[in-house]
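Turn these sequences into a full structure, and let the hints guide you.
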Amino acid sequence: AQKITQTQPGMFVQEKEAVTLDCTYDTSDPSYGLFWYKQPSSGEMIFLIYQGSYDQQNATEGRYSLNFQKARKSANLVISASQLGDSAMYFCAMMDTGRRALTFGSGTRLQVQP
Amino acid sequence: DVKVTQSSRYLVKRTGEKVFLECVQDMDHENMFWYRQDPGLGLRLIYFSYDVKMKEKGDIPEGYSVSREKKERFSLILESASTNQTSMYLCASSFRRVSYNEQFFGPGTRLTVL
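Protein chains in written order, with this note's numbering: chain A, 3 to 116; chain B, 6 to 119.
Simulated from the structure, these hints should not be mistaken for lab results.
These numbers were taken from a predicted model, which means no experiment stands behind them.
Note that CB positions come from ideal geometry on N, CA and C, so glycine has one too.
Warning: the hint list may mix true and false statements.
Unchecked claim - Dumping the calculated DSS-like pairs for lysine-lysine here, alpha-carbon to alpha-carbon at most 25 Å:
#: 1; chain 1: B; residue 1: K60; chain 2: A; residue 2: K5
#: 2; chain 1: B; residue 1: K60; chain 2: B; residue 2: K23
#: 3; chain 1: B; residue 1: K76; chain 2: B; residue 2: K60
#: 4; chain 1: B; residue 1: K75; chain 2: B; residue 2: K62
#: 5; chain 1: B; residue 1: K62; chain 2: A; residue 2: K5
#: 6; chain 1: B; residue 1: K75; chain 2: B; residue 2: K60
To be verified - Across the chosen pairs, the derived CB separations fall in these ranges:
#: 7; chain 1: B; residue 1: R101; chain 2: A; residue 2: F14; range: 37 to 43 Å
#: 8; chain 1: B; residue 1: S85; chain 2: A; residue 2: K72; range: 42 to 48 Å
#: 9; chain 1: B; residue 1: E77; chain 2: A; residue 2: F14; range: 40 to 46 Å
#: 10; chain 1: B; residue 1: G21; chain 2: A; residue 2: T7; range: 34 to 40 Å
Okay, structure coming up:
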């Protein structure tokens, strides 16, 4: 069965600094996709970045990058140059060939301080 | 832009009432999903549908049913609401492709059962 673990319930970061949000996953399927979503206080889920299990390079989208370490089964999100608007809940999620819905971690609440 | 809408942002119901949560998407997505979000648990899949009139149970289907009579609409039904169904409910949709693709989420419905 799939499992996603986010061990940091809350994180603080100073504005303009970089921050890493941890995510480990467990699946026996060699083919899978990893996702990060942001949920601001307004409640909507915003897709940030995607990494496929066969992708050779780490995914990047603007200030977001995914540090994908396949052997360690980790998919950490790195946010560079944090902004006040980055304060939100962040969820790591995955799907594999056995399940077309997302399995989510418990989330990390990030607070960016001025 | 993909748009997923949910019928209510906030809903208050009484124990034993039948509750309908409606979700509509405008991007001709085959897949639609209902998740429940609780603090510390992330999002958990209740049901999903990959085609009209087709449905599959997710991780926590007990106490819920679903209906998909049209491609753009996916309804979640609480046959007899209970206080432990107080939660945030999120609808999502996606294309059904071979590769993994992001899910687009609605704004959520915060349901309180008294």
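Structure-based check of each hint:
1. B:K60 to A:K5: Within the cut-off at roughly 23 Å; holds.
2. B:K60 to B:K23: holds, 20 Å
3. B:K76 to B:K60: Answer holds: K76 (chain B) to K60 (chain B) is near 12 Å, not above 25 Å.
4. B:K75 to B:K62: The hint holds at about 19 Å.
5. B:K62 to A:K5: Status holds; Cα separation ~18 Å.
6. B:K75 to B:K60: holds, 13 Å
7. B:R101 to A:F14: 37 to 43 Å: holds, 40 Å
8. B:S85 to A:K72: 42 to 48 Å: holds, 46 Å
9. B:E77 to A:F14: 40 to 46 Å: holds, 42 Å
10. B:G21 to A:T7: 34 to 40 Å: holds, 37 Å
Consistency with the previously given hints is maintained throughout, with no hint failing.
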